[in-house]
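Put chain B on the given structure of chain A with help from the hints.
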Amino acid sequence: MQSAVEVKGLTRVFEPKKKKEGKSVTALNKVDLRIESGELFGLLGPNGAGKTTLLKILSTLLLPTAGKAFVAGFDVEKDFTEVRKRINMVSGGEISGYGLLTVKENLWMFTQFYGMKSSVAKQRIDELLTQFGLADKKDEKVRTLSTGQRQKMNVIRGFVTDPEIIFLDEPTLGLDVNASRVIRDFIVDWVQAKENRTVLLTTHYMMEADQLCDRIAIIDDGRILACDTPENLKKLVKMNRTLKLDVTSLKDTSKFGSIAGVEQFTFQDDAEKNQTYLKFILTHDSAVTDIISEVQRKGARILSLQKTEPTLEDVFIKMVGKGFE
Amino acid sequence: MSDTWLITNLRAIRGRAYPRVIGSKREPSWLFFDITLPLLTVSAYAYIYKYMDAPPEFVGFVILGGAMTAFWLNILWAMASQLYWEKEIGNLQLYLIAPISRMSILAGMAVGGLFMTAIRAAATMIIGILLFGIALSFAQPGMIILVFMVTMVSLYGMGMMFASLYLLLGREAYHLSNLLTEPVYLASGLYFPVRALGFWAAAGASIIPMTLGLDALRQLFYPSSGSEYGFLPVNTELAILAVLCVVFLWLSKYSLAYMEKLGKTTGRLTLRWQ
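The listed protein sequences derive, respectively, from chains A and B.
Start counting the first sequence at 17; every next residue gets the next number (our numbering).
Start counting the second sequence at -19; every next residue gets the next number (our numbering).
No wet-lab data here; the hints were simulated from the structure.
Among the hints, a few may not be true.
No more than 27 angstroms apart at the CA atoms, straight line, and that leaves these computed lysine-lysine pairs for BS3-like [said to hold, decoys possible]:
1. K5(B) x K133(A)
2. K133(A) x K154(A)
3. K260(A) x K289(A)
4. K233(B) x K24(A)
5. K289(A) x K271(A)
6. K241(B) x K34(A)
7. K271(A) x K323(A)
8. K241(B) x K94(A)
9. K5(B) x K157(A)
10. K94(A) x K46(A)
11. K138(A) x K101(A)
12. K39(A) x K241(B)
13. K157(A) x K138(A)
14. K36(A) x K241(B)
15. K94(A) x K233(B)
16. K233(B) x K33(A)
17. K46(A) x K250(A)
18. K101(A) x K233(B)
19. K24(A) x K84(A)
20. K241(B) x K33(A)
21. K5(B) x K154(A)
22. K314(A) x K289(A)
23. K84(A) x K46(A)
24. K314(A) x K334(A)
25. K138(A) x K5(B)
26. K84(A) x K241(B)
27. K295(A) x K334(A)
28. K241(B) x K101(A)
29. K24(A) x K46(A)
30. K46(A) x K241(B)
Chain B side only, calculated, beta carbon under 10 angstroms to chain A, not exhaustive [to be verified]:
31. L(-10)
32. G3
33. N71
34. L76
To give an idea of the interface, some chain A residues facing chain B are shown, with a C-beta separation under 10 angstroms as derived from the structure [unchecked claim]:
35. K33
36. E98
37. Q128
38. T177
Computed from a predicted structure; not experimentally measured.
Glycine included, each C-beta is placed from N, C-alpha and C at the ideal position.
Just chain A, with the same shape it has in the complex:
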């Protein structure tokens, strides 16, 4: 099957405007990457990692210094017109369009650059505005929109042309929880609605990458450090899972330490509250069921349960050696 994106040894060096003004910057350093059609692929990395540079090359806005990049099977350097027919791009915090146009006019204008028939464009714009909860704003001037509303409009702009591959550069940057959720839900629905739709999403929100992406590449300093599913990436971190239970007072705790999959067990009684706090370090998830059964067998009642697992942030810190600033 045709890959949506294929990148081989991609390098991009930015030279200073004048030699005296500073050193050249290597934004991408021999990057290899393959994204299959139909994937929702995440590129996770801190500011300056090279995410946006990679997206600009794939969207035909920048030339690589070395290496090759193919989008929908077309070379981004030679066959850029074919690439452009199949893609669109949305950036977080973009202020594209014209403030004196209404939301609907602004979106219509961008559809015209893709040769869409006006009637088709207007119908699709109406559908998307409704989906994003912006239908009541369609006749408002763009300059009157809030940041969240404006970003929803930008996302609609990217999807309204129904591209095969869409590049989303931090699409929920700086948005509130509700606006982010609407956009994330839409992205997932869109990619699943039709075969061979592909999303390449850059983000530095770990939760967003974890929640949305089929696969994630961790990028730092222009290099891909790891690329796999979120679950497999988390397995790279040899961190124990912990289970914390607050239960009604428990007299006998002798058997908890010997349950299979429990590496370490500690507890603390709180006589005043008539509660017992249990803490387990687990080597295997299957121990959870046995622990809960043992609590019930002893006649105690579970008041709260908290389980912690390795997160993408733990993976990122392991790979990069630092968290996001």
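Here is chain B on its own, set in the frame of chain A:
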């Protein structure tokens, strides 16, 4: 060139022209700034000519020049510097990733700008004619329209060429636009017959399409005395303007392609910090 390609690019021209066309309706303040203020300048020259007992057609020359001023200002501030501003607000990269000819974007800007400015210029002319009781001849309407159209195509072709060149200049573009305002008013004879500059100076100024276009229009609107003050015969001026059309449109296509390639190599077209 396929039909689909042509239709896509025609739609792109319409799409990019739209904000300019609708803008003239949405921002009524232009009625004051773009019609009243130029009329003040025109009136000042008109009263000078009247006070000096200059031939009456000179007031007409000034009114025509005042109308053409609107086009030159539109070229400088809404064509030449436009791509730079599009880059600053993030639109340029969206234009560049679209599967269309970059000339369609420039053509859309030109068509929209021409439409909007034509209304302003017409308003300046009508008010000026009524205010000063000017009598223009419409003996050759076809020729007047032809000269005007050819002048506009070459003038906006020049604006399209400037648009890509201005991208190189960044913020300095603002100063260049300022620099090109008043000197061009003088060189292209907006308020007097360009012939007064002498042959070689007028010939040099003819690189700006407005110079020959305005001179030809003055001769057509004043057929009896126009040739007395005209620089070159109308047909010659029309032929030169036609050549300028081709030259400027070709140069704008070439310079835009060059700028895009340069931008893709250096990253300067899409990355604001560069």
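Ascending list of hint numbers which this structure does not respect: 4, 24
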